[in-house]
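Top line first, the protein sequences correspond to chains A and B. By our numbering, the letter at position 60 of the first sequence is numbered 60, and the numbering carries on one by one without gaps. By our numbering, the letter at position 120 of the second sequence is numbered 1120, and the numbering carries on one by one without gaps.
Hints in this document: simulated from the structure, not taken from any laboratory. Cβ atoms here follow ideal geometry from the backbone N, Cα and C, with glycine treated the same way. Take the hints with a grain of salt, since some may be wrong.
Said to hold, decoys possible - If you want the footprint, here are the derived chain B segments under chain A, 3+ residues with CB under 8 Å:
1. 1078-1087
2. 1140-1148
3. 1235-1244
Unchecked claim - Only pairs whose alpha carbons sit at most 25 Å apart, straight line, appear in this in silico DMTMM-like list of lysine to aspartate or glutamate:
4. B/K1252 - A/E62
5. A/K91 - B/E1233
6. A/K109 - B/D1255
7. A/K91 - B/D1228
8. B/K1256 - A/E53
9. A/K96 - B/E1241
10. A/K91 - A/D68
11. A/K109 - B/D1228
12. B/K1256 - A/D99
13. A/K96 - B/E1078
14. A/K91 - B/E1241
One letter stands for each residue in the lines below.
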Amino acid sequence: MKILQAARAKVHCAALVAAGIFGAASPVLAHHSFTMFDMTKRLTLVGTITSFEWTNPHAYIEIDVPDDKGAVKHWSIELGSPSILMQSGWKFNSIKAGDKLTLIVNPMKSGQAGGFLSTATLPDGRVLSNGPRQEPPPAPTQK
Amino acid sequence: MPAMKWKLLWCAALLPMVAAIIDPQMLHAQSASPPDFTGVWGIYRGGPGSDPKFAPPAPSPLVLKPEYDKPYQAKRAEQSAAAQRGEQLDNSSARCIPYGVPTMMSIAIYPVEFIQTPKQVTIISEAFSEVRRVYLDRPQAKIDDVAPGYYGRSVGHFEGDTLVVDTVGIKPAVSGYRGIPHSPQMRVTERIRMVSPDILHDQITIEDPVVLEKPMTYTVAFKRMAGDYEMVEFVCDNNREYVDEKGVVRLKLHDK
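Only chain A is shown next, with the shape it has when bound in the complex (with noise of 0.2 Å):
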């Protein structure tokens, strides 16, 4: 607990044009699509991870978020899969239960504590995106 309360995180939200950001590429996802988070929101989260599983099909961070005053609140953020991060420089290992992580997301539609990762700063500073953009790939015509 000790952990947690020294990790002074902040929450806070800040909504960013759409099409800025998520243009003509995507993140990559194999089996669902983004509907489920709000892409053009990005939540900063800075908290202590108590599990990172590299699983398919999708890899999880399980964090612990301390607000202001102490208080802890849980959330799942949902990655790539390791495939698919691997091609952004992250590896089964990278991060560990106990690291302390500042992540961003797009948060869930929902309003419930969770996300899907932008980028996570590494507590050796590295910043790892959510795997490389992906082009659209071209639609047929309907009729």
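Given chain A's structure and the hints, the job is docking chain B onto it.
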């Protein structure tokens, strides 16, 4: 100048022209061995900084028969309306069900691995670790004799530098290209060739006399992965997405 010398000069001048009109594929067809596609190939969609001549050409129009087009369009409208509400409707991939043929050839940016031997080409997609086998120079079975599945039965042969693959036996429940429905009569024909030493094109034509007014064709382009890329395993053992009673995809959140 003697007449014989003039004839020789004319012949020499014509040689490059003759060479130019000879189809390079024909030349390759005469060579003893087909190209080897063995290796790991990443999805190549072109975009900024890429060479447009290697990007996949635009797909052909998608024309469904009216009785299939109406429910297809209705389903798309329903999906779009749900997306506006911030919801994704139930779909097989959210349940971690594999994509099958032909969709597995192009999943996000996941690479595919070709392993080619004289009798078989094996294609492995990193996403969901899907595997398909193309048996070379064997006759295709009748559609009704192939057990319906995700990968059906694929046979192939080389036409010059192009591997032509014929696949039948994809069961209708398998999610189709862009979600289009298909019948047991669907036939998938692929023409796979290297358009440069490091760019591979898979031209995919879907024929379905029951669902489609006419065949539709799209192309997936690949670029050879740099270095000795090692395929990453993909076992879907931590799927936190689930489908609720209203048919909406939800995400399980943990509380610690």
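Cross-check of the supplied hints:
| no. | hint | result |
| --- | --- | --- |
| 1 | 1078-1087 | holds (count 4) |
| 2 | 1140-1148 | violated (count 0) |
| 3 | 1235-1244 | holds (count 7) |
| 4 | B/K1252 - A/E62 | holds (12 Å) |
| 5 | A/K91 - B/E1233 | holds (14 Å) |
| 6 | A/K109 - B/D1255 | holds (18 Å) |
| 7 | A/K91 - B/D1228 | holds (18 Å) |
| 8 | B/K1256 - A/E53 | holds (13 Å) |
| 9 | A/K96 - B/E1241 | holds (23 Å) |
| 10 | A/K91 - A/D68 | violated (32 Å) |
| 11 | A/K109 - B/D1228 | violated (41 Å) |
| 12 | B/K1256 - A/D99 | holds (15 Å) |
| 13 | A/K96 - B/E1078 | violated (41 Å) |
| 14 | A/K91 - B/E1241 | holds (23 Å) |
Going down the numbered hints, you'll see the structure goes against 2, 10, 11 and 13, while the others check out.
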